[in-house]
Structure formats: C-alpha cells, structure tokens
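A.B. asks: Let the sequences and hints guide you as you build the complete structure.
Chains as they are written, first to last, in the working numbering: chain A, 1 to 336; chain B, 1 to 336.
Hint data in this document are derived by calculation from the structure and do not stem from the laboratory. These figures come from a predicted structure and were not determined experimentally. Do not take every clue at face value.
Okay, the calculated bits of chain A under chain B, using three or more residues with CB under 8 Å as the criterion [as the list claims (entries may be wrong)]: (1) 204-216; (2) 224-236; (3) 301-307.
Beta carbons: idealized from backbone N, C-alpha and C, even for Gly.
2 protein chains.
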Amino acid sequence: MNIPKTIAAMLALTFLLACSPSDNGNQTGVATDPLPSWNNGDAKQSILDFVARVTDPASPDFVAEAERIATFDNDGTLWAEQPLYFQFLFTIDRVKELAPEHPEWKTQQPFKAVLDGDQEALAAAGVPGLLELAMATHAGMTTEEFERIVSEWLDTARHPTTGRPFTEMVYQPMLELLDYLRANGFKTFIVSGGGIEFMRPWTESVYGIPPEQVVGSSIKTVFEVRDGEPVLVRLPEMNFIDDKEGKPVGINSHIGRRPIAAFGNSDGDFQMLEWTTAGDGARLGVLVHHTDGDREWAYDRESHIGRLARGLDEADARGWIVVSMKDDWRRIFPWN
Amino acid sequence: MNIPKTIAAMLALTFLLACSPSDNGNQTGVATDPLPSWNNGDAKQSILDFVARVTDPASPDFVAEAERIATFDNDGTLWAEQPLYFQFLFTIDRVKELAPEHPEWKTQQPFKAVLDGDQEALAAAGVPGLLELAMATHAGMTTEEFERIVSEWLDTARHPTTGRPFTEMVYQPMLELLDYLRANGFKTFIVSGGGIEFMRPWTESVYGIPPEQVVGSSIKTVFEVRDGEPVLVRLPEMNFIDDKEGKPVGINSHIGRRPIAAFGNSDGDFQMLEWTTAGDGARLGVLVHHTDGDREWAYDRESHIGRLARGLDEADARGWIVVSMKDDWRRIFPWN
Chain A
1 MNIPKTIAAM LALTFLLACS PSDNGNQTGV ATDPLPSWNN GDAKQSILDF
51 VARVTDPASP DFVAEAERIA TFDNDGTLWA EQPLYFQFLF TIDRVKELAP
101 EHPEWKTQQP FKAVLDGDQE ALAAAGVPGL LELAMATHAG MTTEEFERIV
151 SEWLDTARHP TTGRPFTEMV YQPMLELLDY LRANGFKTFI VSGGGIEFMR
201 PWTESVYGIP PEQVVGSSIK TVFEVRDGEP VLVRLPEMNF IDDKEGKPVG
251 INSHIGRRPI AAFGNSDGDF QMLEWTTAGD GARLGVLVHH TDGDREWAYD
301 RESHIGRLAR GLDEADARGW IVVSMKDDWR RIFPWN
Chain B
1 MNIPKTIAAM LALTFLLACS PSDNGNQTGV ATDPLPSWNN GDAKQSILDF
51 VARVTDPASP DFVAEAERIA TFDNDGTLWA EQPLYFQFLF TIDRVKELAP
101 EHPEWKTQQP FKAVLDGDQE ALAAAGVPGL LELAMATHAG MTTEEFERIV
151 SEWLDTARHP TTGRPFTEMV YQPMLELLDY LRANGFKTFI VSGGGIEFMR
201 PWTESVYGIP PEQVVGSSIK TVFEVRDGEP VLVRLPEMNF IDDKEGKPVG
251 INSHIGRRPI AAFGNSDGDF QMLEWTTAGD GARLGVLVHH TDGDREWAYD
301 RESHIGRLAR GLDEADARGW IVVSMKDDWR RIFPWN
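C.D. replies: In structure tokens, the structure reads:
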C-alpha cells in the first residue's frame, strides 16, 4: 500500500468536502458565521455545539424538528429592562394621559406619586400599588383597543436615556440567535413575566415571533356582544403571573411540551431553565449576565430589576451557560 | 378583426392554462380533488371558494399566510361524541380502575353510580357530580403521568358500539380539510371544551396538530421540585372552561389573533364562530350537522350531547355553512 498516496487522497477528499457548497452557508468555501455579533468564546461555542448535536440525524442527541422548542424571557433577555421595565414606563405614561379623566388621582395614591414623579411614595406603594396602576391602565377596554394603545405608545415613546424607540432597545446577538435557531428547525417562543397582550402587537415584526408563540402574564378577559358586535373586554383582575414557578406552568399551558433550550437573565427565569434542562437528552440553559456598564447596564445580585443571584450561584453545577454581555457580545444594540 | 380566430386563440389559451401542470395538482391535466370524501355540493364549493379567495394574491380578499388561522372544535367536529363524550368514557374507566384504592367509593356518590352502572343516579349527580368525577381521575398526578395514563387508555380502550379505537372515530372529510387548509398556508388549531391535556398526547399523530396548537379546558397545575426533580402537579381545581363564551377567550389567550375560519358542530361553538366571522374581510364559519343516523348518529336540537339549536336558527342570517353529514360526506370514518 502506498501510504503517501492514500494520505494525499484523504487530504484531497477532506478539501473537497470542506469546499462542498452543501456543507457551507455560501459558495466561497468559508462558512458564514450565523452569530456575527457574538465574540468567539465558550458561550458562543456551546450554543453552536448544542445546535449541531440536536440537528445532526447521526448524533445520539438528535431531536426531531417538532420537539425543537426554544423559550426566551423578554425583559433583560431580548430587550433591555433599565432604568425600569418598559411596560412600567408605559404604565406611567398611561396614568399621565388618563389623569384629566380622573381628577381624584391628584390626591389618591399611588396615582399621585406617578403624577408628582415622587419615586419614594411610589416605592412605598409596593406591589399592591403597582398592581393598582396596572389595572387602571391595562383594563376596562377591549383587547383590540388595548392593542392599538400599545402600538401607538411604541410608535411615539422614547427610551429615557438613549432616546431610542423601545423596539430598538433589543439585543442584536439575540436577534441573530433567534434567526439561527429557526434556520435550524427550532420553534421560538417568548415566555415572559410581562403582559402577554403588551408584547403580542410587536413581537412578530421585531423578533419574528408570532402572537401565538408569546406566553406572558395576563388579566382576565370576558366575551361580550355590544350592539351586535362581539368583543373581548379586559377586566381589572389578574389571571396568571408568568414568572418564577409560573413559567413552567405557562409553558405547559401554552406549548404543552418541555422546551429543549431556554434563555433568561434573572432569577425569575430560574424555574424555566430548571424545568427545561431537567428533561432527557441534550438540553441548553443560558443566562444573559448584564456585565457591561458602558454599552448597556451592569447589575445582578443587588438589583431590584432583573435580580440574578441564585442563577449565578448554581449555573455551573447545573451546566447552564452564563453569557457575559461585556465579553461575549461584540455588539449589543442593532444601532451600536 | 377576425373574430372566429380570436375566439379560437382564446380557447386554445384557456385549454393550455387548464392543462398547465402548475395550475393542477398532478401532471395529467385533471386537478386532484383535495376533498375526495366530500360530495360535490354547496358546502364543499363554499369551502373551496373561500380558500381560493384568501390565498390568491390578486384577490381583494387575500389574507397573508401568518393571518390564516383556522380553529376546530374537537368533539363532534373532528371526532365523534356519541354515545357519550369520549373523555367521559375515559373518566368512567378511570373510576373503575382506581376503585380498589378507594373502598369508600362503593357507597359514595357519584362514584357508586359509576361502579354500579346506574345511569339515573349519575344523571342526578349533575354537573357538580361530573366535576367531582373529573377531579378524582384527572388530578393528583404530574402532567407526564397523566399523559401516560391517557396514551395507555387510547391504546387499549374501544368505542362501545363500533369496537374501534377512539382515535379511529375521526371524520375522514375533516382530516382531508385539515390537510387541505395546511397545504394552503393555514395554521390549524383545536379549540375544544375537552381537556387540553387529554387531547395533546395524540392530536399530532391523528390530526397533524401539534400540542402548542391545542386549546382546551384545563385544571390548575403547580410547579414543584420533588427529590431534586422539577415536576408539574395537576390540582383538583378548574382553571379554565373552554366552551361557549370561553372559546373566544381561549383563542385570544392562546393564539392572540382572530381566526379567519372556524369549524364547530354545537351551540358550544356559537361564540367561536360569531367571534371569527365578525372580523373584517373574508371569513368562514362552518357547522357540522349530525344528520346521518345510519353511518354515524343523528341529533341536534334535543340532544344532551352536542346540542345544536341556535346555530341552526341563525346560520343562514350569519352566512355560516351547515354541513349535512348525510348529504355532504361521501365517507364518514376512515374505515368506512
């Protein structure tokens, strides 16, 4: 046997395979990077490896396309959440807009605190106060009216520090990740503590995620016929809180199967990652860690918004990937 | 102008167009009938016309693919519901199976009625009795345990009069309709009064409808970690009843947009059709009317199961299509 010739043949074959258009994303023989805004490093490589394993029919970890469910938290995972959850900024704007119809709000907490810009009084109102503000601004109209209110707000409102529309406060690396997963047969869902009907009007155009793949917190709605016209009316009563232990419940209710990949950024996502990664076979749990005080915001254990402590403590032992925005992301916002 | 020649040219062109493979489902010049188990008639033609109008980009009624949402009731619309809802037959079998662990059921209603086969006592127990039976048999286990119980029952249980597995008690014309709509870019959903987790284990293999496109009634579930293993536990408490006024609410909660087509068979589907067909643009509302006492069952206004009265009274005025199983369906079950 002529060994050098065999090796030469193998090298030629390897070269041919490497240059085969079917093995690459383009015709030049160099694969296109599906995640160009991610720095090359462990986090990116772990994601690429996971997708390769579950999509390769020859892999022991292969997962049928129908089972390739990936769930994403929204606030702090797909778009920013500082200086306050954007839905809370929407609530504040709505209180100001509705104030002329509610003269009593001038003296009634927590509305007075919002109108006076009194942070201390607002904080003192606590969760019951926030809930009261939410119900006063999110209920009492039809679902279609609420959708129009949200869309109009997003068209005109601007982020308080960047001056950008809120729908531009999304993370470019995550947009690429959503596209990359879908190109590999994944069905992508949002599973957020935010209001389901606050998100649905814009997730399709911004994230490519249609309304039926959005899971979130909700208030009760009822069906009514008004002047012969059927409508759904939003009631000032919580229906479901899609946070912490609620996330696996919301996933089960809306999706009906366990995801194989879950992406979050706070301890509100802990149970979603726990539920996802406890399943059989290859699983991916990812936490986005807000480490970049220059390009975004830096916060974790002590933050009132997007607190991340238990997730950081247990990620290693659970095999979850912690993505450092500062180190792993070349670009943060699409306009950077 | 030579008129006969022009007409001849037009005829030739028409013939060419009619024979173009791109205009037909096969290569022989004869279009394949997408609904072979439907007799040619008004009902079939109305469905074909609707699909043609909403999928033709040149039509004023064109609907973008993402908006082509079609919702289907299950019991009596996709599969049979006589002599009793199949989920109730499951409940009866479960009571009998669990009875050895519950000696108290021998003397306690409504369980005693089930164990004695006492229809009168069962009827006397009413809705509270049925709910008690449902909770005793559908709760107290994890979601995965319940899925296994349902799957095992479907593997072994047989329909009391036909002797067929329940998953064969499905309507062949509706299977064809589901395929036809999906081939035309529709996303098909089940919206049923039946239990969401009773349907999800089998809708994908039987109807081609994945779990995330199944909407139904539900009981409450909670997330727990048992011996380090996260589980979802089913509680004996109703969460949502997806029937009548509940159907538009369930659609809004799960799908987040109004369907353009809805299919039902009873007054429990009235509001779903009302909500669907009140939207702008082309809309399709269809009621399956159980008119075939020989091949299936004949019932409507006076039936305790699948009662259809208001729907029959108002279908014409609302432009809904009433499908007569006897006249419009060439075949009813796949095994006919």
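A.B. asks: Against the earlier hints, flag every one the structure doesn't satisfy and list their numbers going up.
C.D. replies: Those not satisfied come down to hint 3.
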